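Read off the chains here:
There are 2 protein chains.
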Amino acid sequence: MSDQRVWTAALLVIGDEILSGRTEDKNIAQVARWLNSQGIRLQEVRVVPDVEAAIVAAINALRPAFDYVITTGGIGPTHDDITVDSIAAAFGVPVITDPGARAILEDYYRERGVPVTEARLRMARVPEGAELIPNPTSGAPGVKMGNVYILAGVPNIAAAMLRGLEGKLQGGRPMTSVTVSAHAAESEVAALLKQVQDEHPGVSVGSYPFYRDRGFGADFVVRSEDGPLAQRCADELRSRLQQAGVELVDNR
Amino acid sequence: MSDQRVWTAALLVIGDEILSGRTEDKNIAQVARWLNSQGIRLQEVRVVPDVEAAIVAAINALRPAFDYVITTGGIGPTHDDITVDSIAAAFGVPVITDPGARAILEDYYRERGVPVTEARLRMARVPEGAELIPNPTSGAPGVKMGNVYILAGVPNIAAAMLRGLEGKLQGGRPMTSVTVSAHAAESEVAALLKQVQDEHPGVSVGSYPFYRDRGFGADFVVRSEDGPLAQRCADELRSRLQQAGVELVDNR
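So the sequence lines, in the order shown, correspond to chains A and B. No gaps in the numbering here: position 63 of the first sequence is 242 in this note's numbering, and each next residue is one more. No gaps in the numbering here: position 178 of the second sequence is 357 in this note's numbering, and each next residue is one more.
Everything labelled a hint here was simulated from the structure, so no lab data went into it. The structure presented is a predicted model; accordingly, all values stated were derived computationally and were not measured. Take these hints with a grain of salt, some might be off.
The list makes no distinction among identical chains, and a pair is therefore deemed to hold if it is satisfied within one copy or across any two copies.
[What the hints assert, rightly or not] List of simulated lysine-lysine pairs, DSS-like, C-alpha gap at most 30 Å:
no., residue 1, residue 2
1, LYS373, LYS323
2, LYS373, LYS205
3, LYS347, LYS323
Please take these sequences and the hints and turn them into a complete structure.
Okay, here's the thing in structure tokens:
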């Protein structure tokens, strides 16, 4: 089991609006959960501004290091949407207008009685050699270039593009996580947690303090690609915590 | 004005819980806004797992590239809290127990009648040569090592540590941003936006589509370190949009 191939991904979030604090990112968590459901592990995220050199540097650092790179943001029709040009530059290829993407956009706007303008057709521009990712929501398709998947920044459009990618990326077994919550200070159970983790190779145990209505405590998250093992380890942790006199929170 | 020194920062978010999608990050936006209020521009964010090699690589890539590096996460008392050890490794120094931090923690726990355990004193460990960042909330101080500022991952504790840093980092003028919202498709006004930006050097204009109760549209965000210039540019944009027959949304 432990020698099974692990599939990895990085996410590159492109956008001044995230770095300025104007917009709270929603894509990291949704992409992370989606990748996990596909048996792929998100191992790094970077957020860079709408600056070509920054995007090129990040893409060329990430694409050889991970199986997949997903990008969000910067694929709309305005002058600050430079993701496609930057990724083409990273791959050293020109940008072309994709006839398939152009046809999708023309159909989409025609059905809605909206004029097809030059700005709208910017969204049919792709790096030469790219493939399209269908987008059931807004017409403009996502783009796959090598192992880089270019998605929209608007979270519901990115979600639609992820649905379009469902099952198309090769992955391994999804990660199982089981949470054990307790009204305990992390520092009181630190040794116990480490011991339980050490006794279950192939499992990681994370500890996340909380402050909720009914007092403080911590969530202990047991993660493994081996679902039954994660469950056994969580059961063991639960019983050790009880033996130590810790009040558990029922969240099953 | 344009030759004024720009102060830059990167944020390193450390934590498996963000990469697994279990926890939605709240620190990127709050650190971004805080830096902006200090006249410092957040130019890159990375999220890495609780893995020493990943933290060391990110720290050593970011600290020479930006004026400041802020980290969040991984400074609690449990075995998965390895930020301090990793940053010491990045700087090539040992980890020591800081007498000042130890005294702060001992006082904090004594006042609350909580036993001072070895696990709790883990939070007094710092890279040799580090300084402390006061934390009015939870006792455990943040840590400054070189140009790296080590904060907690729990958002309200990170916020308290940022308040402790208020005014202590040298910065420039804060960025002013003025938003003009309109019921317009981005693609219809793309040329107009670019033109207005080009006519106002020192200003950037971003475009962010929205889908709200009363229909779709976009927020056009005018940003500059020169506040009056940002305002003039936004006024000009507003009047050009009206001339073009676009319905503005009043958000002043």
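Hint-by-hint comparison with the structure:
no.	hint	result
1	LYS373 x LYS323	between (42 Å within a copy, 28 Å between copies)
2	LYS373 x LYS205	between (32 Å within a copy, 27 Å between copies)
3	LYS347 x LYS323	within (12 Å within a copy, 45 Å between copies)
Hint compliance for this structure: every hint is met.
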